[in-house]
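S.K.: If you read the protein sequences in the order shown, they are chains A and B.
Counting from 1, one number per residue, gives the positions in the first sequence under the working numbering.
Counting from 1, one number per residue, gives the positions in the second sequence under the working numbering.
Don't read these hints as lab results, they were simulated from the structure.
For glycine and all other residues, C-beta sits at the position ideal for the given N, C-alpha and C.
There may be inaccurate statements among the hints.
[Stated by the list, open to error] Coverage of chain B stretches by chain A, computed from C-beta distances (three or more under 8 Å per stretch; other residues unrestricted):
1. 90 to 96
2. 106 to 118
3. 160 to 169
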Amino acid sequence: MEPTPTPSVTPPLSLERLASRRLSDRIFYLLCLGIACSSVAILVLLLVAIGYQGASSLTPTFLSSSHDPENPDAAGMYPALVGSLILCLLCALVALPVGVGSAIFLEEFRPRGRALRWVHGFVQLNIANLAGVPSVVYGLLGLTVFVYMFQWFGKLEQNSISGLDLWGVERYYQFLALDERSAIFIPIENPAEPTFQFSESLAGLDGQLRPIQVQAWEPGQRRPLSAEALARTVRVGEIGGVVEIHRWYYFRLPFGPSLLAGSLTLALVILPIIVIASQEALRAVPNSLREAAAGMGATRWQMTQQVTLPAALPGILTGGILAMGRAIGEAAPIFVVLGGNIGKRTGPEHLLDSCVTMPILIFSWADHPVERYRQLAAAAIIVLVVLLLLMNATAIFIRGRR
Amino acid sequence: MSEATSPEIKIDNFDAWYGDFQALQRITATIAPNHVTALIGPSGCGKSTLLKWINRMNDLVPSARCSGTLQIGQLNALDRATDVVALRRRVGMVFQKPNPFPKSIYDNVAFGPRLHFQVNQAELDELVEWSLRKAALWDEVKDRLRKPALSLSGGQQQRLCIARAIAIGPEVLLMDEPCSALDPSSTAKVEDLIYELRANYTIVIVTHNMQQAARCSDTTMFFYQGQVVECGPTQQVFTRPQQRQTEDYVTGKYG
Ligand SMILES: Nc1ncnc2c1ncn2[C@@H]1O[C@H](COP(=O)(O)OP(=O)(O)OP(=O)(O)O)[C@@H](O)[C@H]1O
Ligand SMILES: [Mg+2]
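Chain B with its partners taken away, still in its complex shape (with noise of 0.2 Å):
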């Protein structure tokens, strides 16, 4: 399975709008490969749209626009031509709140790799495993796989949904404050795992948890009203900021 080196995301000049509104500014930025890259900032900052924009979901709402250039490896990934259903299959994502399918356990992993693969039972069986295993929740749930979904716990199925998104091999993955709606202890389990996948993924995570971006990611960027005011390694950013606003926002005194 996808053990290759993970793209890296160039993204320059990049202006993103609802209608009239511009809710991004001229990002510039480059997301490192096999690195855990934060983006923190006030709500409304434009935090959640880059990250739609990083795999095209906002080609469901019909308002959005942009412009700039967003490249994910060699795939430029803003073309008209390009494909989004490939793309999405290279980007996973995984959403703030769990929304595993009305479906069981088993079919909630197995609905990428059906899409996208011709696979047999058995191979099915193996990547279902595999994903489960590196989510961290095989052995919760490997005696109830038939099971439906959402008799699981939120942290469970926030668990499942990174099993879900990482069964079909994607080679970076956004989350979404995939913690918000956990409690303490299922949050540093997807904490932990959000650690150990960056050796095979480019990981970009939004959070609104200062300790959370401190501990799990390398990189930390901050957005205000729509542009990036300071981007570096997360313990600069943190111990060191160059800006009045980061300073202002990671210790708490903004708002």
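Okay, chain A solo, but in the shape it has when bound (with noise of 0.2 Å):
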């Protein structure tokens, strides 16, 4: 090998230069610094004002409570909360399994004949597409596919019964009990009639759906005295109009506006976020791994689910976390699919039951006229911020121990 040559002039060192040099690495550094700490000072701002705003609001009433329509002292998102924490929960349920499992097929299960190599091509490019798709998209298309499911099952209309009722439903003749509160259900005998005359002490059920006795009493006879008892009694002589109970295990056709629908919609919404960020989890398993196992004579599936799956599980894990919270927040898409509704009282009952969540509280309440509702958004906005910050807590959590 020939031996490098020296050089025989060496270049001047220009002192004057490395100056300016080190002014502009100077300059630039302090921008950087400024523009970090700007992007935090608005973050930090905004939290305080938030907090300034809603702090006071924020008591164990306030969480426990639900909206008021006519009273914001006494208005609060218990709703809202339990509905947020299901319907995300019910979306990541959805989503996770079939976002790893696409993510799995596209890394672990490269196929190699060339139709299905261009079927994982075009799968590939429209997952990256679709990440980039406005969440309001979604919505309309949960609207029509969740919802009115094509129309397919007769036309959905405001507050009438339409649609294919499978299982969970049952209807009941319902009257008001001798307190004036309790509601009280007797099983229909002949489905023909639409009301039905209370005349006699019958086997039904009370508000709670409890299998009683329902007592009769006549007009001019000595009233019960327990509460207890008044609350299984009706008078003889009521009418009663058909009504429908669902239970818990309710289902139908279509969706409707309901929690079901709402966290479907949702995890279309996450699910590319969670398949790219598994295929980035899958891909930063070294192949190393891979062959190990192949080596061993692990078939693909065993390779995947006993190497590469358990080795990429914290940052699939980390990924589906995060797309949890940006579930949590959204609501354009659940604005389209459940209404901007917050009057409901409950968190779900079933799966098809309506919902009411945080984000469009906050909404209902952020532009309210009265002055009060909008302090109680600035109160529920802590609320969600504390649950935003906790998961990616855990994220991090999980991303940290590995």
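Please assemble the complex out of the two chains, which come individually in their own frames, going by the hints.
M.R.: This is how it looks when you write it as structure tokens:
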């Protein structure tokens, strides 16, 4: 090998240029620092402003009561809190298996055949595209597919019973008990009769759907004394109409503006995010591990299930949690699918129940004409932000543990 | 455990390609049972390629193709109908870089048996101990079998990979530069191990270390640009090479 020739002239070292380079380095450093600080400052300012407005409203009753259109001091976010959590959980339950499954197909089961390779490329391309679609578009998709189901099961109308009830629905005649508060349900014997006149003591259900013997009371007789007895007594001659009771396992088609439709729609929103995060996590697993497993005579599935997937799991879970954070804060698709009604007093009670979520509640409160409601919005935002921070902290914890 | 004699590997008129690039040309060779065969040759001459075809690891490479015959005992390794899972159970592989799974030491060794056999806990314990003893690692790890394998040193990890490979009772062991990431004392241990293991296995080892080939192999095959230039008893290849290229390479003149 030839020795490298030493240059005959050494370049002169200009100290002046060195100084100006140092200066520009310094300026650029300060600029970056300033930009970084200002973005954090804006976030802090936002949090302080929200905290200042909302902290005083953040009481235990606020967390345990529901929206009150008349009295803001009694209003709370319980249905929205529960609704958002259940919605988000259900959404993850759908999106995680599907998303991780797709990622495994895309990364670990790359097909050899020409046609399948084409499908593979097509799916990959579309997942990248879907991640960029605005979420409100998913809302419209959810509306057609899940809420109305292309109207295959009849036209869905406001406040009317339509569609196809599959299970978990029971019809009763409904009566008001003597205490004027409790409901009493009497089984229907002749479905053709739209009403039923109460005349004598019968077997029925109380307001909590527990079987009871319904007592009859003739006007003029002595009324029962205890509140409990009043709640199971009906006046003779009272006329009851048919009501539908939905059990917790109630199911119907189409889904209508329901918890299920909402979570499926959100699942579509976060699906591409989960697929991409899982793909990254799988790609980060060193190939030497796959070779080791294959060299031991593992099939592709055994390799994936016993080696690759466990190694990628922290990354996949991190991506999943971040995606759930996205889902819990989404307002637009939920607004399209579930509507903007915040009047519900409980969390969702079955899959097809309506559901209030935090972003929708915050949205309605935030531009309420009454000032007090706007403070409640700030309090609800605090709760939402705390939830999000908790989720992100979990993600960081999982990633850090590896 | 498999103390039966190991199979012979017959390679005949074997070509291998990556896409349009021909990596191996007309290889014809016989790898003797219960021998250590060393594959030597300059970088890029196709040693790993041959090794990876013997247990069909090249199935994982989409562009890899081959033709010719490659017979392991009675089994035609290249036949489409050959079950690669069964093949790889018979032909174990140890890689250049130690690649233990991110699991415990115990689970690493138990990985293969759990895949292939119906074993109860006691049998599994016994098998793990046997394999680790065979790989000369037992005394160093017997008190920390549940510790992560990645907490071992590089040399220990490589011996763990050997233990993992022999735990399923293969008949052939392929080793691709098993000592290149190890220090001299670990290398010596692995070399001793290879020399001992040939009583039970047909061993093929790729190495860039001439002394290593001389120390622990019985037969040496010299590859050059995708072809076998010389194949013979190690003693002869190193002391009285028949070909110019071989002589240049083993004496270090090459390159
Ligand atoms: N996956 C692959 N795709 C395309 N070409 C490959 C691939 N693997 C190896 N090759 C080519 O095949 C030839 C032989 O490679 P191989 O890995 O068998 O060499 P080697 O003898 O093991 O070299 P080394 O001693 O450096 O490990 C090389 O020219 C290499 O570039
Ligand atoms: Mg190689």
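S.K.: Give a verdict on every hint.
M.R.: So, going through the hints one by one against the coordinates:
1. 90 to 96: holds (count 3)
2. 106 to 118: Answer holds; 4 residues pass the 8 Å Cβ test.
3. 160 to 169: holds (count 4)
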